[in-house]
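Colleague: Here is how the chains run, residue by residue.
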Amino acid sequence: MTAGVPEAIIRILSAGPGTTLQDAGRHGYLRYGVTAAGPMDSLAHATANLAVGNPVGSTAIEVSPGGIEVTAEFASLSVAVAGGEFEISLDGRPLPPAAVLNLDEGAVLKIRTGRSGSWCYLAVAGRFVVPKVLGSHATHTRTGFGGVNGRAIIAGDRLRIESPGSSKPSPGAIVAPWLERPVDTIRVVLGPQHDYFADDQIAAFLAGPWSVSAKRDRMAYFLDGPRLTHARGYNIVSDGIAMGAIQVPGDGRPIVLMADRQSTGGYPKIATVIGPDLGRLAQARPGTAFGFEAVSIAQAVAARREEAAWLSRGIVVEPLVRTRLSSEFLLGLNLIDGVVGRDTVG
Amino acid sequence: MTAKVDPGRATALSAPRFLDAGEAALVVEFGDVVDPAINDRVLALDAVLRADPPAGTAEFVPTYRSLMIHYDPLLIDRDTLVAMVRRAMEAVTEGRAKAATWTLPCCYDASMAEDIDEAAQILKLTRDQAAALHAKAAYRVYMCGFTPGQVYLGGVPKALVISRRPAPRPPHPAGAVLIGGGLCVVAPFVMPTGWYVIGRTPERLYAAERKDAFLIQAGDNLRFDPIDVATFRNLEQRAASGEIVARKAAA
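Protein chains in written order, with the working numbering: chain A, 95 to 440; chain B, 11 to 261.
These aren't lab readings, by the way, just hints derived from the structure by calculation. Since this is a predicted model, take the numbers as computed values, not measurements. Heads up, a few of these hints could be off.
Not the full set, but computed from the structure, chain A residues with beta-carbon under 8 Å of chain B [what the hints assert, rightly or not]: (1) R125; (2) S357; (3) T366; (4) I368; (5) A402.
Some, not all, of what chain B presents toward chain A, calculated at C-beta under 7 Å [unchecked claim]: (6) A35; (7) V71; (8) Y74; (9) R75; (10) C154; (11) F156; (12) Q160.
Here are the computed lysine to any residue pairs in the SDA-like style, where the Cα-Cα straight-line distance is at most 20 Å [as the list claims (entries may be wrong)]: (13) K262(A) / P188(A); (14) K226(A) / E219(B); (15) K204(A) / P188(A); (16) K226(A) / A223(B); (17) K221(B) / P225(A); (18) K204(A) / I106(A); (19) K226(A) / A217(B); (20) K309(A) / P202(B); (21) K221(B) / G229(A); (22) K221(B) / L228(A); (23) K309(A) / P178(B); (24) K226(A) / D222(B); (25) K226(A) / R220(B); (26) K309(A) / A177(B); (27) K168(B) / V331(A); (28) K226(A) / A218(B).
For each residue, glycine too, the CB sits at the ideal point set by N, CA and C.
Just chain A, with the same shape it has in the complex:
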């Protein structure tokens, strides 16, 4: 422990595969082939960080469908969970899927896959003390960059938290209606290579119905649905790949390239999922049916603006109502609304 700087430890008791540390991503090095990584659902990542008073883009744990169990050592931690509808419990007492809570030393927070969603974020007030790679904590396991020695989080990891803060938040539900996102329609901007497909194939692409296949990870979501055919072949000279690019390889089965995508690639990209719908798609579970809707750049930007406005208002936390917690747990709790502004740094 560094003298003078308060620290605590978050200890990992168990973690499903693919649970990683993610900040806003490793930006600026795509030109050298370095993947940005970063959260699969940046809106949920930002929500969890804001709820504990961290700046947007702070490092948080991205919990995979395998779930996680953690405890605190040396000091209590102020934490927030937000993302898919996971089952959350603190020392066995259930909490809502988007919640803030105080994790006392030795208390056990369990996050298990729940009714819907694929990823959730565990944000901790303060800062994770792990080495940065090219200025970022974002984990990219394929190249071993960032996170904990470039790998996913595993049971036994003890992650240092600097400046954890001394506030002990009462358990509360994060009011974030924007995280309730049905997956019936995913908005896309067509291109950059939609001219490799005839009109009827563009129509088939938009109509679907599509579902996320079981073959999916932080790099790519393979889609099940109609087979698309190319009008002009399927090999293109490699060009850049944005997150959300939907490439169609020779077999006609689209692949959505996600946070851990490669920087460049050589299949035609029929469309690109708009930024505000990336998290929505990331949360889709295998088998959930959806279609694509083509929107203009202006519509996509308007959706971004709306998203930014939600977050700029600050995160409202509601005290938990009696039906959600046992009475002895509520005894002595200070049930006062808490509003955490985005400028508040824990």
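Add chain B to chain A, keeping to what the hints say.
Modeller: Below, chain B without anything else, positioned relative to chain A:
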């Protein structure tokens, strides 16, 4: 000179297309083939934009034939960005600036070049012929991509133009030099590949602790210097201790 216009050149000189990769990335496409003249235009625009990046732009990713510009559409709208790119193109001067020439040590011994015999057989060459042809050619770095520090090279001799494998082979070692689809790649990270491993360099194209973490830039020229296994082992040790074992000559 014949009167016939080189189709690559014709494409290179036509106006670029502005394509959208979503609402936060703009593709400035100069062509759809691998061509040095097209790549020159990509890299020249990249250099001008990087020297004075428009507010709201985040990253520039040059590839063989296009420049991807990542931007924040809440800070700069698409039309403004397109107008600024057009203006930047007017500032582009002919030719490539600051292209360095690298000499990269490469060991073609079969123990380092797992696929050289297989590739030579397909190409109807002997192992030594394949290695000699590869080492004799002058290459140009078209782009970096796929993994950190990985470079894509043009200039592969016709006799070494080989189709990519129909299915990927098991992961190659770090530093593998591969050929496939008429191109050459130097791959610093262990990855499965559909290309043929025909050599290995002891140089580290990416080294986190080095001041220049990424050694080679798009637009640079490159040659391979054949080395034996003993030299490889020696250079590999020196590279591991932080030394740059490739040689660089400024343009």
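Colleague: For every hint, state whether the structure bears it out.
Modeller: Hints, verified against the model:
no. : hint              : result
1   : R125              : 5 Å, holds
2   : S357              : 5 Å, holds
3   : T366              : 3 Å, holds
4   : I368              : 6 Å, holds
5   : A402              : 6 Å, holds
6   : A35               : 4 Å, holds
7   : V71               : 4 Å, holds
8   : Y74               : 5 Å, holds
9   : R75               : 5 Å, holds
10  : C154              : 5 Å, holds
11  : F156              : 5 Å, holds
12  : Q160              : 5 Å, holds
13  : K262(A) / P188(A) : 18 Å, holds
14  : K226(A) / E219(B) : 12 Å, holds
15  : K204(A) / P188(A) : 9 Å, holds
16  : K226(A) / A223(B) : 14 Å, holds
17  : K221(B) / P225(A) : 17 Å, holds
18  : K204(A) / I106(A) : 10 Å, holds
19  : K226(A) / A217(B) : 14 Å, holds
20  : K309(A) / P202(B) : 18 Å, holds
21  : K221(B) / G229(A) : 14 Å, holds
22  : K221(B) / L228(A) : 11 Å, holds
23  : K309(A) / P178(B) : 18 Å, holds
24  : K226(A) / D222(B) : 16 Å, holds
25  : K226(A) / R220(B) : 15 Å, holds
26  : K309(A) / A177(B) : 18 Å, holds
27  : K168(B) / V331(A) : 19 Å, holds
28  : K226(A) / A218(B) : 11 Å, holds
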